[in-house]
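Those protein sequence lines, which keep their order, are chains A and B. Heads up: the first sequence is residues 16 to 370, going by my numbering. Heads up: the second sequence is residues 16 to 370, going by my numbering.
To be clear, the hints were calculated from the coordinates, so they are not data collected in a lab. Beta carbons are placed, not taken as given, at the ideal position from N, Cα and C, and that holds for glycine. Among the hints, erroneous ones may be present.
Each pair of labels, with its calculated beta carbon distance range [said to hold, decoys possible]: (1) Thr351/B - Gln62/A: 29 to 39 Å; (2) Val355/B - Leu56/A: 33 to 43 Å; (3) Ser64/B - His339/A: 52 to 62 Å; (4) Glu230/B - Gln62/A: 34 to 44 Å; (5) Glu245/A - Arg267/B: 50 to 60 Å; (6) Ala125/B - His238/A: 52 to 62 Å; (7) Gly90/B - Gln62/A: 50 to 60 Å; (8) Arg249/A - Ala185/B: 36 to 46 Å; (9) Thr242/B - Gln62/A: 54 to 64 Å; (10) Asp263/A - Gln62/B: 19 to 29 Å; (11) Arg267/B - Asp263/A: 48 to 58 Å; (12) Thr63/A - Arg264/B: 36 to 46 Å; (13) Asp263/A - Thr348/B: 48 to 58 Å; (14) Arg267/B - Asp330/A: 27 to 37 Å.
Protein chains: 2
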Amino acid sequence: MTRVALLGFGTVGSAVARRLVSPDAPPGIVLTHIFDRRADLKRQTLQTSQPVEWTSRFSAVIESDVDIVIEAIGGVEPAADWIRHALAAGKSVVTANKQVVARHGASLWALAARQGRQLRFEAAVGGAMPIVRAIADGLSGERITRIDAILNGTTNAVLSRMEARGCSQAAAIAEARANGYAEANPEVDLRGDDARAKLAILCALAFGVRVDAGEIGVRSAEHVSDTDLEEARRRNGTVRQIAHAEYDRSRRRLSAWVAPVFVRRDSIFARTAGAQNCAVISGEHAGQIAISGAGAGGSATAVAIISDVLAIARDRAAIVPAPHLTTDFTLTTEITEEPVDFDRQPYGLEVAEAV
Amino acid sequence: MTRVALLGFGTVGSAVARRLVSPDAPPGIVLTHIFDRRADLKRQTLQTSQPVEWTSRFSAVIESDVDIVIEAIGGVEPAADWIRHALAAGKSVVTANKQVVARHGASLWALAARQGRQLRFEAAVGGAMPIVRAIADGLSGERITRIDAILNGTTNAVLSRMEARGCSQAAAIAEARANGYAEANPEVDLRGDDARAKLAILCALAFGVRVDAGEIGVRSAEHVSDTDLEEARRRNGTVRQIAHAEYDRSRRRLSAWVAPVFVRRDSIFARTAGAQNCAVISGEHAGQIAISGAGAGGSATAVAIISDVLAIARDRAAIVPAPHLTTDFTLTTEITEEPVDFDRQPYGLEVAEAV
Numbered sequence: 016m017t018r019v020a021l022l023g024f025g026t027v028g029s030a031v032a033r034r035l036v037s038p039d040a041p042p043g044i045v046l047t048h049i050f051d052r053r054a055d056l057k058r059q060t061l062q063t064s065q066p067v068e069w070t071s072r073f074s075a076v077i078e079s080d081v082d083i084v085i086e087a088i089g090g091v092e093p094a095a096d097w098i099r100h101a102l103a104a105g106k107s108v109v110t111a112n113k114q115v116v117a118r119h120g121a122s123l124w125a126l127a128a129r130q131g132r133q134l135r136f137e138a139a140v141g142g143a144m145p146i147v148r149a150i151a152d153g154l155s156g157e158r159i160t161r162i163d164a165i166l167n168g169t170t171n172a173v174l175s176r177m178e179a180r181g182c183s184q185a186a187a188i189a190e191a192r193a194n195g196y197a198e199a200n201p202e203v204d205l206r207g208d209d210a211r212a213k214l215a216i217l218c219a220l221a222f223g224v225r226v227d228a229g230e231i232g233v234r235s236a237e238h239v240s241d242t243d244l245e246e247a248r249r250r251n252g253t254v255r256q257i258a259h260a261e262y263d264r265s266r267r268r269l270s271a272w273v274a275p276v277f278v279r280r281d282s283i284f285a286r287t288a289g290a291q292n293c294a295v296i297s298g299e300h301a302g303q304i305a306i307s308g309a310g311a312g313g314s315a316t317a318v319a320i321i322s323d324v325l326a327i328a329r330d331r332a333a334i335v336p337a338p339h340l341t342t343d344f345t346l347t348t349e350i351t352e353e354p355v356d357f358d359r360q361p362y363g364l365e366v367a368e369a370v
Numbered sequence: 016m017t018r019v020a021l022l023g024f025g026t027v028g029s030a031v032a033r034r035l036v037s038p039d040a041p042p043g044i045v046l047t048h049i050f051d052r053r054a055d056l057k058r059q060t061l062q063t064s065q066p067v068e069w070t071s072r073f074s075a076v077i078e079s080d081v082d083i084v085i086e087a088i089g090g091v092e093p094a095a096d097w098i099r100h101a102l103a104a105g106k107s108v109v110t111a112n113k114q115v116v117a118r119h120g121a122s123l124w125a126l127a128a129r130q131g132r133q134l135r136f137e138a139a140v141g142g143a144m145p146i147v148r149a150i151a152d153g154l155s156g157e158r159i160t161r162i163d164a165i166l167n168g169t170t171n172a173v174l175s176r177m178e179a180r181g182c183s184q185a186a187a188i189a190e191a192r193a194n195g196y197a198e199a200n201p202e203v204d205l206r207g208d209d210a211r212a213k214l215a216i217l218c219a220l221a222f223g224v225r226v227d228a229g230e231i232g233v234r235s236a237e238h239v240s241d242t243d244l245e246e247a248r249r250r251n252g253t254v255r256q257i258a259h260a261e262y263d264r265s266r267r268r269l270s271a272w273v274a275p276v277f278v279r280r281d282s283i284f285a286r287t288a289g290a291q292n293c294a295v296i297s298g299e300h301a302g303q304i305a306i307s308g309a310g311a312g313g314s315a316t317a318v319a320i321i322s323d324v325l326a327i328a329r330d331r332a333a334i335v336p337a338p339h340l341t342t343d344f345t346l347t348t349e350i351t352e353e354p355v356d357f358d359r360q361p362y363g364l365e366v367a368e369a370v
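Turn these sequences into a full structure, and let the hints guide you.
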C-alpha cells in the first residue's frame with residue numbers, strides 16, 4: 016500500500032485525484048491528503064467515499080506518513096521549495112512542473128539521490144507522451160545527437176487553428192477563450208518560454224548538459240500572421256513552433272532554440288495538430304525515433320503522473336542516480352529555418368530482421 | 016563496474032559487442048565473455064584490446080562472475096533454457112528473443128522475480144523504438160484499450176518496396192536477396208509469425224492477458240500481389256501488415272490478429288516505410304500515443320539491448336515484479352479491415368496547457 020498526497024487541485028491535480036479515487040484506480044495506491052489553498056471550497060467537488068484529508072497547510076502533508084507527494088501547484092515558488100521539503104522529509108516526489116525541473120532539476124535530483132528517494136517528472140514534458148522515459152531510459156543505449164519537437168500544445172493549437180481557418184492569430188485566440196480556454200495565458204506559451212523550459216530538461220537528459228532555459232535561443236510566435244501561414248501554404252507547408260537542440264559532443268557545442276518555423280506539409284510536425292506534441296529524436300546508431308501524443312490537458316497529464324507514482328510504488332527503494340550535468344560547452348542560439356523530419360526510410364531491405 | 020556476457024555473435028550480438036568495446040562504450044559496463052558455437056572462427060572479427068574471453072561452452076558463462084547475460088542466439092531452444100539457467104545462477108538477463116518471451120515470458124518473469132534478478136527485453140519488440148517501456152512503464156497510468164502496429168520490418172520493407180516500384184512480391188524479395196538480405200527468411204516474417212509473437216508480448220504488457228501467439232488471428236502477406244497494391248493505390252491507400260489487439264476489460268474479450276490490410280495514404284501506417292516499425296497505442300484517458308522508429312537491424316537492436324543493460328547496471332537490486340497475467344478471457348480473431356490511425360486532433364483549443 017502506497018500513500019499519496021496531492022499538492023494543488025487545479026486542472027491537473029483534480030484530474031489526478033479523480034483517477035486515484037475512481038473505481039478503476041491503480042491497485043495499491045491510496046490518496047490520503049490533498050493540499051489546496053482553497054481546500055474548503057474545493058473539497059466538495061471531489062466525489063469519494065474514501066477518507067481523504069483536505070488541508071490548506073503544507074506542513075500537514077510533510078508531517079503525514081505519505082510515501083509520495085505529487086506536486087501540481089505549478090509556478091517556481093513555493094513549488095521548488097516544497098519539493099525540497101518533501102524530499103528532505105523522506106518522501107518521493109512526482110511533479111508536472113517543467114519550470115521547477117528546468118531551473119532546479121540538478122539540485123533536486125542530487126537531493127533525491129542523497130535521500131534515497133525518487134524525483135520523477137514524466138508529466139513535465141510532452142503530457143502523456145512518455146518522452147522523459149524514452150530519452151532517459153529507453154534510449155540510454157543510443158547516442159542522441161539531435162531533438163526536433165513540438166513541445167507546447169497551446170501554441171500548436173493556435174497555429175494549427177490559424178492554418179485550418181485561415182484566420183488571424185487574435186481570432187484563433189479569441190475562439191479559444193470563447194471555448195473556456197481563457198484561464199491559461201497563451202502569450203507565455205506563444206513567446207516560447209514554456210517550450211524552452213521543456214527543451215532545457217530534454218537537453219539535460221539527452222546530452223548531459225545543464226543549460227539555462229532563459230539562454231536558449233527564442234523567437235516569439237506572437238507575431239505569426241495569417242499572411243505567414245498563407246505564404247507557408249504556398250510553399251507547400253505550414254508554420255509550427257519547433258523546439259530544436261543539437262549537440263556536438265566532440266566540440267562540446269550545443270545548438271538550442273525555440274521558434275515558429277516553416278515545416279513541410281508532409282512532415283511529422285505539420286501533421287501534429289491541436290494540442291498534440293511530437294518529438295523526433297535522432298541518434299548515431301538507430302536513426303530516428305518519433306513519438307507523438309496528447310501534450311496537454313488534465314487527463315493526459317494525469318496519465319504521466321500516475322505512471323510515475325506506479326513506478327515509485329513498484330520499487331520504493333529504487334536507485335535513480337542524479338545525472339551528471341556539465342556546463343562546459345558552448346551554446347549557439349542561431350535559428351535554422353527547417354527542422355529535420357522523421358526519416359521514413361533509414362533502412363532498406365538490406366537490413367536483416369533475424370537476431 | 017558491471018560485467019556482461021554475450022550469447023551469440025550474429026547480426027545483433029556482433030553489433031552489441033562492437034558497441035561495448037568501442038571508445039564511446041557506456042562507462043562502467045565491461046564485456047568479459049562471448050559465447051558462440053563458432054567462437055574460434057569469429058574471435059578475430061572483433062577488434063579490441065580488452066581481454067574478452069571467447070568460448071563455445073555455455074557453462075563457462077554460467078560459471079563466470081558476470082552480472083548480466085545478453086541472449087542473442089535466437090530461436091526458442093536452447094535460448095529459453097539458457098535464460099532459465101542464467102537467472103537460476105543469479106545473473107540478470109537481457110534478451111532480444113521475441114519467441115522466447117512470447118512463449119515462456121510468464122515463467123521467466125516469475126523466476127527472475129524469485130531470484131531478485133531482472134529479465135529485460137526491450138529489443139524483442141520494435142527494435143530501437145522503446146515500446147516495451149512505453150507500455151509497461153510510461154503508460155502504466157493509462158488504461159490501454161487498443162494497439163495497432165507495424166511490428167515486422169522485413170514484411171514492411173517488402174510491401175513498401177512493392178508499393179514504390181510497382182513490382183511483384185517475388186521481385187521485391189529477389190531484390191532484397193541481391194542486396195545481401197538472403198540470410199533472413201522472409202517467408203516466416205510475411206506469414207505473420209514474427210509479428211504474432213511480438214503482439215502476444217504487447218498484449219501481456221498492455222492488458223495483462225496471456226495469449227498464445229499461435230492462436231492470434233493471422234492472414235499471410237505472402238499472397239499480397241502487385242495487383243492488390245495497385246487496387247489499394249486506387250482507393251487512395253496502400254497495404255501494410257498490421258498487428259492489431261483490442262481488449263474489452265468489462266467483457267474480458269480480446270481481439271487480436273496480424274494481417275495485410277488496406278491503410279489510408281495519409282495514415283501513420285502508410286507513412287511507415289522500409290524496415291521501420293510503428294505503433295499507435297489508444298487509451299481511455301490520453302487518446303493516442305504514436306511511436307515510430309527503426310524496427311530491425313543490428314545497430315538499432317543493439318541500442319535497445321544496451322539500454323536494458325544500463326537500466327540493470329543502474330540498479331542491480333531493482334524490483335521488477337512479474338506481471339499478473341490472466342487466461343480468463345475470450346479471444347476473437349476476426350480480421351477487421353482498417354486499423355485505427357493516429358488521431359491528429361484529439362484535443363482542441365479547449366484544453367488548458369497550464370498545470
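If you check the beta carbons of Glu245/A and Arg267/B, does the distance land in 50 to 60 Å? Given range 50 to 60 Å: holds, Cβ gap about 53 Å.
Honestly, do Glu230/B and Gln62/A meet the 34 to 44 Å range at C-beta? holds (42 Å)
Is the distance from the Cβ of Gly90/B to the Cβ of Gln62/A consistent with 50 to 60 Å? holds (54 Å)
Hint says 36 to 46 Å; check whether the CB-CB distance for Arg249/A and Ala185/B agrees. Roughly 44 Å apart at Cβ, these two residues keep to the hinted range, so it holds.
Between Asp263/A and Thr348/B, does the beta-carbon spacing fit 48 to 58 Å? holds (51 Å)
Just tell me: holds or violated, for the beta carbon distance of Asp263/A and Gln62/B against 19 to 29 Å? holds (26 Å)
Assessment of proposed distance window 36 to 46 Å (beta carbons of Thr63/A, Arg264/B): With Cβ atoms ~22 Å apart, the hint is violated.
Outcome of range test on Cβ distance (Arg267/B, Asp263/A; 48 to 58 Å): holds (53 Å)
For the pair Val355/B and Leu56/A, does the Cβ-Cβ distance stay inside 33 to 43 Å? holds (41 Å)
Determine whether the Cβ-Cβ distance between Thr351/B and Gln62/A falls within the hinted range of 29 to 39 Å. holds (37 Å)
Verify the CB-CB distance for Ser64/B and His339/A against the hinted window 52 to 62 Å. violated (26 Å)
Consistency of beta-carbon spacing, Gln62/A to Thr242/B, with hint 54 to 64 Å: holds (58 Å)
Of the numbered hints listed earlier, those contradicted by the structure are 3 and 12.
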